[in-house]
Every structure is written in structure tokens, then in C-alpha cells.
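Participant: Chains A and B, in that order, are what the protein sequence lines are. Under this note's numbering, the first residue of the first sequence is numbered 38, with each subsequent residue one higher. Under this note's numbering, the first residue of the second sequence is numbered 198, with each subsequent residue one higher.
For the record, the hints were derived by calculation from the structure and aren't laboratory data. Worth double-checking, as some hints may not be accurate.
As the list claims (entries may be wrong) - If you only want the chain B side, here are some residues facing chain A, beta carbon under 8 Å, derived:
no., residue
1, Arg307
2, Val310
3, Ala356
4, Asp548
What the hints assert, rightly or not - Straight-line Cα separation of at most 20 Å, SDA-like style, residue types lysine to any residue; simulated pairs:
no., chain 1, residue 1, chain 2, residue 2
5, B, Lys490, B, Asp434
6, A, Lys313, B, Gly469
7, B, Lys326, A, Lys322
8, A, Lys280, B, Glu547
9, A, Lys322, A, Gly157
10, A, Lys243, A, Gly187
Said to hold, decoys possible - Chain A side only, calculated, beta carbon under 10 Å to chain B, not exhaustive:
no., residue
11, Lys84
12, Ile88
13, Glu139
14, Gly196
15, Glu250
Because the structure is a prediction, the values reported are computed rather than measured. Backbone N, C-alpha and C define an ideal beta-carbon position, used for all residues, glycine too.
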Amino acid sequence: MIYGDHTTGTIVQGATGNQGAFHINLMNQYAQETGGRGVVAGVTPGKGGQIVHGVPIYNSVREAVAEHDATTSVLFVPGFAAGDSIMEAASAGLELVVAITEGIPVHDTMRALAFARMEGCTVIGPNCPGILSPGEVKLGIMPPQLAMPGHVGIISRSGTLTYEVINELTRAGIGQSTVVGIGGDPVIGQTFSDVLARFESDPRTKAVVLIGEVGGNLEEEGATSTTLPLVTYIAGISAPPEKRMGHAGAIIEGGEGNAVSKIARLRHLGFPVAEKPSAIPALVKELL
Amino acid sequence: MKLLEFEAKEIFRAHGIPIPNGVVINSPDELRDTLDGFTDDVVVKSQVDVGGRGKAGGIIITKKADAVIAAEHLFSFPIKGLIPKAILVEEKLSIDHEYYVSITIDRSTREPVILFAETGGVDIEETAKTNPHALRRGGFSPLLTEVPGYVMREILGTAPKELGPVINNLYKAFCASDALLAEINPLVTTPRGVFAADAKLIVDDNALGRQGITANRDLTPREREAEENGFSYVELDGSIGVIGNGAGLTMSTLDLIKHYNGKAANFLDVGGGAGRERVMKAVRLVAGMPEVKVIVVNLLGGITRCDEVAKGIIDAGVEQRVITRLAGTNEEEGKALLAKNGYQMLDTMEDVVRQAVKEAAA
Numbered sequence: 038m039i040y041g042d043h044t045t046g047t048i049v050q051g052a053t054g055n056q057g058a059f060h061i062n063l064m065n066q067y068a069q070e071t072g073g074r075g076v077v078a079g080v081t082p083g084k085g086g087q088i089v090h091g092v093p094i095y096n097s098v099r100e101a102v103a104e105h106d107a108t109t110s111v112l113f114v115p116g117f118a119a120g121d122s123i124m125e126a127a128s129a130g131l132e133l134v135v136a137i138t139e140g141i142p143v144h145d146t147m148r149a150l151a152f153a154r155m156e157g158c159t160v161i162g163p164n165c166p167g168i169l170s171p172g173e174v175k176l177g178i179m180p181p182q183l184a185m186p187g188h189v190g191i192i193s194r195s196g197t198l199t200y201e202v203i204n205e206l207t208r209a210g211i212g213q214s215t216v217v218g219i220g221g222d223p224v225i226g227q228t229f230s231d232v233l234a235r236f237e238s239d240p241r242t243k244a245v246v247l248i249g250e251v252g253g254n255l256e257e258e259g260a261t262s263t264t265l266p267l268v269t270y271i272a273g274i275s276a277p278p279e280k281r282m283g284h285a286g287a288i289i290e291g292g293e294g295n296a297v298s299k300i301a302r303l304r305h306l307g308f309p310v311a312e313k314p315s316a317i318p319a320l321v322k323e324l325l
Numbered sequence: 198m199k200l201l202e203f204e205a206k207e208i209f210r211a212h213g214i215p216i217p218n219g220v221v222i223n224s225p226d227e228l229r230d231t232l233d234g235f236t237d238d239v240v241v242k243s244q245v246d247v248g249g250r251g252k253a254g255g256i257i258i259t260k261k262a263d264a265v266i267a268a269e270h271l272f273s274f275p276i277k278g279l280i281p282k283a284i285l286v287e288e289k290l291s292i293d294h295e296y297y298v299s300i301t302i303d304r305s306t307r308e309p310v311i312l313f314a315e316t317g318g319v320d321i322e323e324t325a326k327t328n329p330h331a332l333r334r335g336g337f338s339p340l341l342t343e344v345p346g347y348v349m350r351e352i353l354g355t356a357p358k359e360l361g362p363v364i365n366n367l368y369k370a371f372c373a374s375d376a377l378l379a380e381i382n383p384l385v386t387t388p389r390g391v392f393a394a395d396a397k398l399i400v401d402d403n404a405l406g407r408q409g410i411t412a413n414r415d416l417t418p419r420e421r422e423a424e425e426n427g428f429s430y431v432e433l434d435g436s437i438g439v440i441g442n443g444a445g446l447t448m449s450t451l452d453l454i455k456h457y458n459g460k461a462a463n464f465l466d467v468g469g470g471a472g473r474e475r476v477m478k479a480v481r482l483v484a485g486m487p488e489v490k491v492i493v494v495n496l497l498g499g500i501t502r503c504d505e506v507a508k509g510i511i512d513a514g515v516e517q518r519v520i521t522r523l524a525g526t527n528e529e530e531g532k533a534l535l536a537k538n539g540y541q542m543l544d545t546m547e548d549v550v551r552q553a554v555k556e557a558a559a
């Protein structure tokens with residue numbers, strides 16, 4: 038396990054909105070199945086005193102952590118306010134913020150991440166599905182029914198594509214240690230290399246699947262930073278240049294970050310690159 | 198969103214960056230009334246959102262007397278297919294030297310980074326490839342509101358110190374306008390001081406609202422409809438329509454089509470919570486492209502209700518074949534509904550894509 042386990046106490050910021058309330062319920066259902074602590078409190082400014090799916094709501098993170106033992110926040114706050122909420126969590130002493138929110142202005146993200154770093158708070162995302170350690174803990178919105186416990190870590194910039202890969206691995210009888218969605222934005226708190234560093238000190242993880250996409254070069258940077266056996270997959274080989282492919286970060290700019298050159302560089306460095314998601318399990322089996 | 202040169206220059210000017218004297222005109226006639234303000238030679242610049250505009254003939258340096266003719270020409274001169282709605286006419290500067298400066302975001306360090314080169318006015322991507330040492334980089338904490346002195350000294354080297362305040366103001370404009378890129382190429386020194394001869398500004402799409410910008414892009418009617426429905430949508434040139442949920446999965450579906458030698462007609466990410474209505478709209482939108490012969494719907498997610506998605510596909514009732522792969526809640530109900538109405542639902546992404554490629558080729 039990395040980032041959290043069944044003992045992790047979690048708060049949800051943006052707890053009273055549709056998404057926040059819905060996922061408090063799903064995270065706590067999973068906690069019940071795994072014997073975890075789950076979501077112990079929620080935060081929405083001005084909604085203190087309410088109860089959402091049995092979870093008490095507070096006006097601020099400071100008030101919530103004064104009453105509850107929590108180290109982690111899962112954040113559903115709308116884009117324009119989310120940067121501020123990350124900083125609030127960091128200043129209240131939380132160790133980890135998982136920012137699910139899509140659509141945060143990138144300048145807000147950049148400042149919030151710099152601030153969180155000074156406060157010693159780790160941020161995952163934004164624009165990510167969060168973390169799932171099958172059988173242990175779910176911090177975010179990943180559907181746990183596709184996953185099974187095991188020894189392969191997954192790191193991905195995408196949401197549903199990650200579920201596709203989890204599904205392929207599980208169908209092939211390969212379980213997962215922890216799945217981390219690092220987010221589809223150009224600026225994110227934990228990059229491939231940060232997560233790989235965590236996997237290196239996780240005794241459960243024997244190999245890692247790295248799921249990248251067009252835009253930037255964090256995949257290459259991550260792959261070369263680790264000694265763990267890796268299988269990689271890069272989405273977007275058919276993506277035209279200068280077009281934003283859904284994710285704010287998935288754009289080929291000035292000829293940089295296209296899938297063909299990413300794949301060529303990864304292959305050149307000696308990493309197996311799957312041509313399609315269904316080819317991943319066979320490549321993983323060769324490593325185990 | 199990319200701003201046009203004159204829009205970027207207005208923002209730069211507001212942040213204290215010297216801009217050449219000029220006027221923006223929407224027709225050649227408007228120039229006749231404003232030409233008096235110019236003394237000698239002028240630069241007539243087509244305002245289109247295209248790189249390599251100068252090389253393509255979109256910038257004309259001319260005598261003041263011939264400016265109207267130049268403007269008339271540019272108003273009907275397409276650059277990479279685009280006709281300008283506006284033209285910027287500026288005084289011609291007497292340039293001593295051209296520099297390059299831009300500020301962007303380094304994904305790896307998660308910080309703003311300044312790029313500076315002592316030779317400006319050229320294609321900077323080319324410089325980065327052929328002479329990477331000519332491009333100096335300086336990054337610093339995004340919590341700072343000014344460019345720190347040590348960074349400025351590093352990037353400027355022996356270049357004139359008078360460039361410093363302009364670069365510092367460019368950083369302020371970069372922050373204030375939620376920019377992903379703020380670029381001056383060239384930044385020029387003249388006997389009258391430093392000027393931004395050109396200007397480029399890309400504003401973060403996630404911040405358009407608070408920047409007070411309503412997207413003014415020239416969207417096709419279909420792109421506009423997609424945007425209004427909150428779909429992420431990109432038009433391509435194949436015959437297989439694609440609808441997915443999530444950017445990565447949708448991209449991956451496109452890639453798989455290419456892998457099996459098919460050609461996708463589009464990228465459409467319906468986003469989270471794909472319900473009946475949204476799916477119907479997405480299917481109709483994609484079916485509206487005349488080239489589309491067959492449509493692939495690839496939806497995966499724990500909370501996606503497959504029966505609702507199936508109803509959306511059936512509601513759409515389009516002429517083309519719709520081949521579906523759904524995984525999520527109520528999968529069996531969805532499958533039964535589709536089968537009853539003559540639609541095919543397959544188990545894997547691989548299967549739907551192969552089937553679609555086969556049918557598109559037939």
C-alpha cells in the first residue's frame with residue numbers, strides 16, 4: 038500500500054454537493070467491506086452541522102480535524118474554489134489531499150501545490166480518479182468491483198482508461214497492489230516519478246504499469262527514475278497536434294509530447310510498450 | 198484559448214509593456230481616417246490565429262501611402278485557410294536588435310519558466326532544436342509576484358538590462374491573465390527604447406470565465422453543439438464515429454481503430470455520469486457527420502448505468518449502425534434492451550473496434 042491503508046481517516050471537502058455526497062457513500066461502503074475507517078467527516082463552508090450519509094459536516098478543515106482523527110482529504114470542491122481548498126487542507130496539517138476536481142485554473146493549481154509543498158502536504162491530482170488499494174482503501178472515485186488485490190501497481194493520467202487496464206489485469210488473474218490516478222491536467226501534484234518512488238518502498242508491489250498519454254514528457258522522466266520492472270502504455274497515437282484531447286494536459290504543443298516520439302523513446306530506453314490495453318497483461322506476466 | 202496579436206498587445210500594454218503605436222481596423226476604409234497618425238513606413242499585419250504568419254505573407258511593410266492597398270489585399274488573403282476579421286497597422290520601428298522571451302509553465306517542476314534568447318524574430322522551435330544552448334531558461338516559485346533578481350541575471354546574461362523591467366511586466370501579465378503562454382517574439386531594442394513588436398498569449402480554458410472572455414473561436418456548428426452539451430469533441434477525417442467516457446479511454450479507442458487500419462471520424466468524450474439524454478445527444482451529434490458509416494460507443498465505469506445508456510442509444514434512432522461496449526451497473530439489462538431493438542453489444546473494446554473497422558470497410 039502506498040499513500041493510505043485501512044487505518045487511514047479521511048475527510049471529504051465539498052461534501053454536500055452531488056458528487057461529494059455520492060462518493061462519501063461509496064467510499065464508506067468500501068470501508069465497511071475492507072474493515073477500514075473510511076470518511077470520518079465532511080467539510081463545506083456554511084453547511085456545518087449537517088449530516089451526509091451518516092457523516093458529520095463542518096465549516097472548515099480545522100474544525101473537522103479538531104474533532105476527528107484524519108490525515109487525508111478527498112476533494113470535490115468546484116474548480117474556481119479548489120485551489121484555495123487544497124491550501125486550507127495543507128495549512129490544517131493534513132498529510133495528503135486527493136483532488137478529484139476537474140477544471141481548476143492551472144495558475145491556482147500551481148500556487149496551491151507550491152504552498153502545500155511548503156506545508157509538507159502531498160497532493161494527488163487534480164482532475165484525477167484518486168487511489169485504490171484493493172482490499173484496503175479507496176480514496177476517490179475508482180470502481181472497486183473491477184479490481185482484485187495483488188502485486189502490480191498502476192499509475193495513470195486517465196480515469197476510465199485505468200479501469201479498462203484494471204479490468205484486463207483482473208481478467209488475466211493479475212491482482213493490483215495500488216492504483217493511482219495522477220490526473221489529466223498539465224500541472225499535477227504527484228507525477229509518475231513521485232509515485233514510482235513510493236512503489237519502490239512498498240513490499241507488495243513487484244511491477245508497475247505506467248499509463249500515459251500525449252502531452253509533456255512526464256512518462257519518460259518517470260520511467261527512467263525507477264528500478265522497478267515496468268510495462269508502459271501511451272494513449273493518443275492518433276491524436277492530431279494542437280488539439281486538446283479531453284484532458285487539459287493532453288495536447289501536443291510545438292511538436293512536443295506526441296505519442297509516437299514518447300513510445301520511441303520508451304522503447305529506446307528498453308521499456309516494454311503495449312500497443313493496446315489488452316496487450317498489457319501478457320507483458321506484465323513476463324516481468325513477474 | 199489563443200488570443201490574437203492585438204488582443205495580447207492590449208493586455209501587455211495594460212501591464213506597462215511598451216507597444217508600437219498602431220490601430221486595429223475591421224475594414225480598409227477605417228484606415229483612411231486613421232492614417233494621419235502615422236509618420237512614415239507602416240507594418241500591416243493580418244490578425245489570424247496561425248503560426249508562421251510572416252512567412253505566409255500575412256505581414257506587409259509598406260509606405261504610409263500604400264497602406265490601404267496592403268490592407269485591402271490582406272483582408273481577402275487567406276492564411277492557412279483563415280481570412281482575418283481584423284488587421285493591425287503599426288508604425289515601423291527602427292530596430293537595433295531582436296530578442297526572444299516567453300513565459301510558460303514547466304510541467305515537470307510545476308513552476309513558471311522564462312525562456313530567453315539573444316536572437317529573436319525567428320522560429321524558436323527551430324532554435325531549440327538546432328542551437329539549444331542559445332535558449333536560456335529560468336524557473337522560480339509560483340508564489341513569487343515578481344521575477345527574482347538572480348533569475349533575471351541568469352537569463353539576461355550580457356543582454357541589455359533595460360529588458361529586465363519588460364520581462365518582469367510580462368510575468369505580471371502572465372499571472373494576471375491566467376496565461377499558459379505569454380510570448381514576445383521579437384522583443385526589440387530601438388533608439389526610442391524597448392518594444393514588444395509581436396505578442397502571443399494563450400489563456401487557460403479553465404479560467405476563461407474569470408478572465409471575462411467568451412470563447413470567440415470560429416467553431417463549426419457541430420463543434421459549438423458539442424461545447425454547449427459539455428462534450429470534449431475533436432473532428433477528424435475518417436468514417437468511424439467514436440463516443441467514449443473519459444479522455445484516456447476515448448483516445449485509446451481511437452488508437453485501436455488506427456491499430457486495425459480503420460479511420461476515426463471524431464473524438465467525443467461524453468464525460469462523467471453518461472445518462473440517457475446525454476448519450477442520445479452524443480449519438481445524434483456524431484451521426485450528423487455525413488462521412489460516418491458506423492458508430493462505436495465505448496463506455497466503462499462503475500457508476501455508469503448501462504440500461505440508461507442503452508435507452509439513449511435507442512432514443513437517438515440514427516441511420517448508421519451503432520456498435521456498443523458497456524461495462525458497469527445493470528449490464529445485462531442494457532444488453533437485453535439493445536438486442537431487442539436490433540443493436541449489437543459486444544464484451545470488449547477490442548471486439549467493438551474490430552467489428553466497426555470491418556463494417557466501415559464494407
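Participant: Each hint: holds or not?
Facilitator: Now the hints, each set against the structure:
1. Arg307: Since the shortest Cβ distance to chain A is 5 Å, the answer is holds.
2. Val310: The hint is violated - B:Val310 has no Cβ within 8 Å of chain A, the shortest such distance being about 11 Å.
3. Ala356: violated (23 Å)
4. Asp548: violated (10 Å)
5. B:Lys490 with B:Asp434: Answer holds: B:Lys490 to B:Asp434 is near 12 Å, not above 20 Å.
6. A:Lys313 with B:Gly469: violated (23 Å)
7. B:Lys326 with A:Lys322: Roughly 39 Å between the alpha carbons, so the hint for B:Lys326 and A:Lys322 is violated.
8. A:Lys280 with B:Glu547: Violated, at about 25 Å.
9. A:Lys322 with A:Gly157: Measuring from Cα to Cα gives roughly 37 Å; hence the hint is violated.
10. A:Lys243 with A:Gly187: holds (9 Å)
11. Lys84: At 22 Å from the nearest chain B Cβ, A:Lys84 fails the 10 Å test, so the hint is violated.
12. Ile88: At about 23 Å, which exceeds the 10 Å cut-off, the nearest Cβ of chain B leaves the hint on A:Ile88 violated.
13. Glu139: holds (8 Å)
14. Gly196: holds (5 Å)
15. Glu250: At 6 Å from the nearest chain B Cβ, A:Glu250 passes the 10 Å test, so the hint holds.
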